[in-house]
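Going down the list, the protein sequences come from chains Z and A.
Residue numbers for the first sequence, in the working numbering: 235 to 720.
Residue numbers for the second sequence, in the working numbering: 158 to 440.
One thing to keep in mind: the hints can contain errors.
Stated by the list, open to error - 27 Å max Cα-Cα, derived DSSO-like pairs, lysine-lysine:
| # | chain 1 | residue 1 | chain 2 | residue 2 |
| --- | --- | --- | --- | --- |
| 1 | Z | K407 | A | K278 |
| 2 | Z | K294 | A | K278 |
| 3 | Z | K367 | A | K278 |
| 4 | A | K366 | Z | K657 |
| 5 | Z | K360 | A | K278 |
| 6 | Z | K564 | Z | K383 |
No lab work stands behind these hints: they were computed from the structure.
Residue strings, one per chain:
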Amino acid sequence: MNQKELKALASDWSVATLIILLLVSVIAIYPHVDDKGNIATNLQYGLDLQHGAWIQLESKGEVVGFTTDRPMDDFLTNLSKAADAEVILIDESHLEIRKSYTQEELKPFFESAGGEITTYNAGVSKSTADTVKRILESKINAIGTKDAKVNTLTGFNNVARYIRVELAGVDMKQAQEIVGKQGKFEIRVQTTGNETEHVLSGDTITSVQLPSQEPPGSDKWGVSFTLSDAGATAFQEAAIKYGATADPENHNLIMLLDNETIYSAPLSDDLAVQLQTQKIRQLYASTGTGKYGSSQASELEIHLRAGALPVDVSIAGSGGTSAPLGERYKAMALLAGILTLITVGFVIYYRYREPGIVLPMVLINASELVILLGFIALIRFQMDLPTIAGLIAVGGTGIDQLVIITDEILHEGKVPSPNLYLKRLTRALGIIVAAAATVVIAMLPLALMDLSTLKGFAIITIMGVLVGVIVTRPAYGRVIMQILSK
Amino acid sequence: MGLINYNIEKYSPQQLVAIPLGLFVISLVVIALTITATGMPVKPGIDFSGGIAVTIITTDSNEQLQATFTGYPLSEISDMNNGKFLKFGTMGDPQYQSLSELINQKYPDAKIDQIGESFGKSLQSQAVLALIFSFIGMALVVFLSFRTFIPAAAVVLSALADMVMTAAVINIIGIPLSLGTTAALLMLIGYSVDSDILLTNRVLKRQGKLNEKLMGAFHTGMIMTSTTLAAVTALFVVSWFGSVQILMEISAVLLIGLVADILNTWLTNVGILKWYVLKGSGK
Chain Z
235 MNQKELKALA
245 SDWSVATLII
255 LLLVSVIAIY
265 PHVDDKGNIA
275 TNLQYGLDLQ
285 HGAWIQLESK
295 GEVVGFTTDR
305 PMDDFLTNLS
315 KAADAEVILI
325 DESHLEIRKS
335 YTQEELKPFF
345 ESAGGEITTY
355 NAGVSKSTAD
365 TVKRILESKI
375 NAIGTKDAKV
385 NTLTGFNNVA
395 RYIRVELAGV
405 DMKQAQEIVG
415 KQGKFEIRVQ
425 TTGNETEHVL
435 SGDTITSVQL
445 PSQEPPGSDK
455 WGVSFTLSDA
465 GATAFQEAAI
475 KYGATADPEN
485 HNLIMLLDNE
495 TIYSAPLSDD
505 LAVQLQTQKI
515 RQLYASTGTG
525 KYGSSQASEL
535 EIHLRAGALP
545 VDVSIAGSGG
555 TSAPLGERYK
565 AMALLAGILT
575 LITVGFVIYY
585 RYREPGIVLP
595 MVLINASELV
605 ILLGFIALIR
615 FQMDLPTIAG
625 LIAVGGTGID
635 QLVIITDEIL
645 HEGKVPSPNL
655 YLKRLTRALG
665 IIVAAAATVV
675 IAMLPLALMD
685 LSTLKGFAII
695 TIMGVLVGVI
705 VTRPAYGRVI
715 MQILSK
Chain A
158 MGLINYNIEK
168 YSPQQLVAIP
178 LGLFVISLVV
188 IALTITATGM
198 PVKPGIDFSG
208 GIAVTIITTD
218 SNEQLQATFT
228 GYPLSEISDM
238 NNGKFLKFGT
248 MGDPQYQSLS
258 ELINQKYPDA
268 KIDQIGESFG
278 KSLQSQAVLA
288 LIFSFIGMAL
298 VVFLSFRTFI
308 PAAAVVLSAL
318 ADMVMTAAVI
328 NIIGIPLSLG
338 TTAALLMLIG
348 YSVDSDILLT
358 NRVLKRQGKL
368 NEKLMGAFHT
378 GMIMTSTTLA
388 AVTALFVVSW
398 FGSVQILMEI
408 SAVLLIGLVA
418 DILNTWLTNV
428 GILKWYVLKG
438 SGK
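Bound-form chain Z, shown alone:
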């Protein structure tokens, strides 16, 4: 091939795209030698390919569709009392009960509160699940574990029942300790200057609400929380004793989590006056206005919970891989990938006996894999064993389709004229697109459902098929024509 032909080939859109994608992928994968002298890449591995542990938590609650003819507030209060659980309204016809009940058990509670159950799903609302996720993340971050992932598994109906926590580099026992650990929360009051005194600790906080605006719609954010009776008494006594009610400005109330200040503000004037004469169980900590206030409120909410989750959870599954096994699986996966390519190369060579066809085929096939790995690195997807099987399967279908293209074009053993060539390439691509569409459709349910670890596998397979159909296979058609017309 002379230089002119090479140039023409490279300026073909599909070949050009292939080259650009390859370059981008190699940059994304970023193979390099790390400081320990090992070969490293940007690829991330799932917990079956590296040392780590995972825990699957199940939320103890349910999302119930309902109707009622009572005023909403009354209904919710009565239902909460009857079920002896926190009840949260999700929208006008759905609510969340933060305690585990079956539909049969709930029925009498709804009847007594004046309502009826229309749908029942175990789990919690997406927003509650997100709160759980945030709390778990902040806990894990506080411990300084890197490479942690918390995923809520939300179904089609927007109900999240399971949450999966993945922690790299720790074993299962440590992981359970991290997830189960609670922080030490304390409220102190400023006495004189920088001196402070203990007022109450986290166990006297009975519930924490979601961040809210006070008054509603004012964009002034804060979090309200409820104290136990004993907590409220301690709060009132301390406030009076240390002068916070008489002179709020000089006696800030300070909240600490694990001995670090997370909030410090004076009593509001109203509250100071009220506290003089009565104990107050419902408190509201304001955090400011606008976006800043709202994000501070979310932070504070988590801190107030001191690592306690808004809903009880139980462990629905857990597991872990030791470091040596992870290393071995990684080596095996790499070996499998390389061996597959070589075997396929041999089979193709056995059939065509023509290096001019076999070489581009294997190279295009390998480049599909590189592009997919680049994509995986780019979206920081954690590769696990099923994903690797998916990659190898994509490689397998890829080579199949290159065979279709080659055989369509070489029909009757003659090298076609450019016109006929284009007609045949189009026909071959027609077959390929139909075959590819079936694979994409077959994988789509998995990509949309939350079937645990299979989601990633499905996404990678679909991506692989798309890259193949849109870029690499047309490029192969172009390259093979150039070679055959020699």
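For chain Z, the structure is supplied; the task is to place chain A on it using the hints.
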């Protein structure tokens, strides 16, 4: 491939379809028996029924392992290249804690996976749904791309036969349905229609004699399947050698499925297609 001398011309459509039809019926019986026994078309593994799977690297014998884990619901020990794969039934939290401590202490390099019963159950129904949706989706694409009923139905029927035969064989050799094998079955839906689409396309859309088109398609199709078989065999060998349980199961299911696919493409699908063309409604 020169090694295979298969002359489609020789056989009538009825003869072609007879063998796979017999196997299809036997497979259905196997699946029906499995459904009566377990409630699922394929025996659910730990991923779906709950339980604990442990991979350890050890030279201990099965008896030694049984002695180590007396008091725990150890249900299965399988050999791997240089280790063992253990399965336990579901157990309460305290028992699980003590089991995982025992394993950590005796076999620190283990891989443990525990799936709760309720989580497994919820996955199970989703997996079945995913398989059904996939299959319907595939059928829709096939009908849309051919727009003639009998050839399209032949492709869908071959794919169905692939799935049914594969399911029957994995029941017989005892591979349980796990997340990995579900993925493999889904992959098969995509794989199996590859060669069927090629075949139908060649026969319906190309000019020429029927038998020549069939032989041409067979030639190309066999290369395709043999490359895929080669790739999957390589995966199977490596995963057996390295005792990677999940990859072994996935590749085993794919291998079985590909063999079933050869049968169904070049007997079932060819048979129906030949009958359709000879009947005179094709070109």
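Tested hints:
A C-alpha spacing of about 25 Å is found between K407 of chain Z and K278 of chain A, which places the hinted pair at or below 27 Å, so the restraint holds. Under the criterion of a C-alpha separation no larger than 27 Å, the hint pairing K294 of chain Z with K278 of chain A is consistent with the structure, at around 16 Å. The hinted pair formed by K367 of chain Z and K278 of chain A meets the criterion: a straight-line CA distance of about 23 Å does not exceed 27 Å. For a cut-off of 27 Å, the pair hint linking K366 of chain A to K657 of chain Z stands: about 20 Å separates their Cα positions.
Proposed proximity of K360 of chain Z and K278 of chain A is supported: the alpha carbons are some 21 Å apart, at most 27 Å. Under the criterion of a C-alpha separation no larger than 27 Å, the hint pairing K564 of chain Z with K383 of chain Z is consistent with the structure, at around 20 Å.
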